[in-house]
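*Asks:* Sequence:
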Amino acid sequence: MNHLIPRGSLFDDFFKDMASPGFFIKPLHGDALPQSIKVDVSETPEAYQVQAEIPGVAREDIHVNIDGSIVSLRAEVRQQDRQTSDDKLLRSERYYGSVARSFQLPLEIDEAEAKAKYEHGVLTLTLPKKRGRSGQRLTIE
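Using this note's numbering, the first residue of the sequence shown is number 9, and each one after it goes up by one.
These are calculated hints, taken from the structure and not from any lab test. Hints may contain errors.
[What the hints assert, rightly or not] Straight-line C-alpha distance at most 30 Å; calculated BS3-like pairs for lysine-lysine:
#1 Lys123 - Lys46
#2 Lys125 - Lys137
#3 Lys46 - Lys138
#4 Lys123 - Lys138
#5 Lys137 - Lys123
#6 Lys125 - Lys138
#7 Lys46 - Lys137
#8 Lys125 - Lys46
[Claimed, not checked] Pair ranges (Cβ atoms, derived):
#9 Phe111 - Glu54: 16 to 26 Å
#10 Arg67 - Glu149: 56 to 66 Å
#11 Asp118 - Ala66: 35 to 45 Å
#12 Leu115 - Leu146: 23 to 33 Å
#13 Pro63 - Gln112: 23 to 33 Å
#14 Ser93 - Pro114: 55 to 65 Å
Ideal placement from N, C-alpha and C gives every residue a C-beta, glycine not left out.
Hey, can you work out the whole structure from these sequences and the hints?
*Replies:* Dropping the structure here:
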């Protein structure tokens, strides 16, 4: 008699999937675009190092914007349709669309010294921390 499945567990996964942002916009073929860009962020005393996984994207289709301490990444995946009138498409799993991610770092970034490099599907950002002026002590008159 203990073999009954709790009533709520039958639909838990379904409702959890429905709550995800991409549930109603799945592609008709292939896998869906990732919901966000996966990033690793590390810190040294001088800079932040960000590594973002963005596979299958051309360098010119990646956009990085820095506004103070906010870093925004956006990428567009383009699918090239090479089908001619004589071809019959049997299977298509490649996708196209865009994906974006924004996050805030603890300190502002020196935008003029920031560097970006894209290799083997990984975007690496070196984001130097903005050097703030040290505090000034005021003399009270």
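*Asks:* Can you name, in rising order, the numbers of the hints this structure does not satisfy?
*Replies:* Failing hint: just 11.
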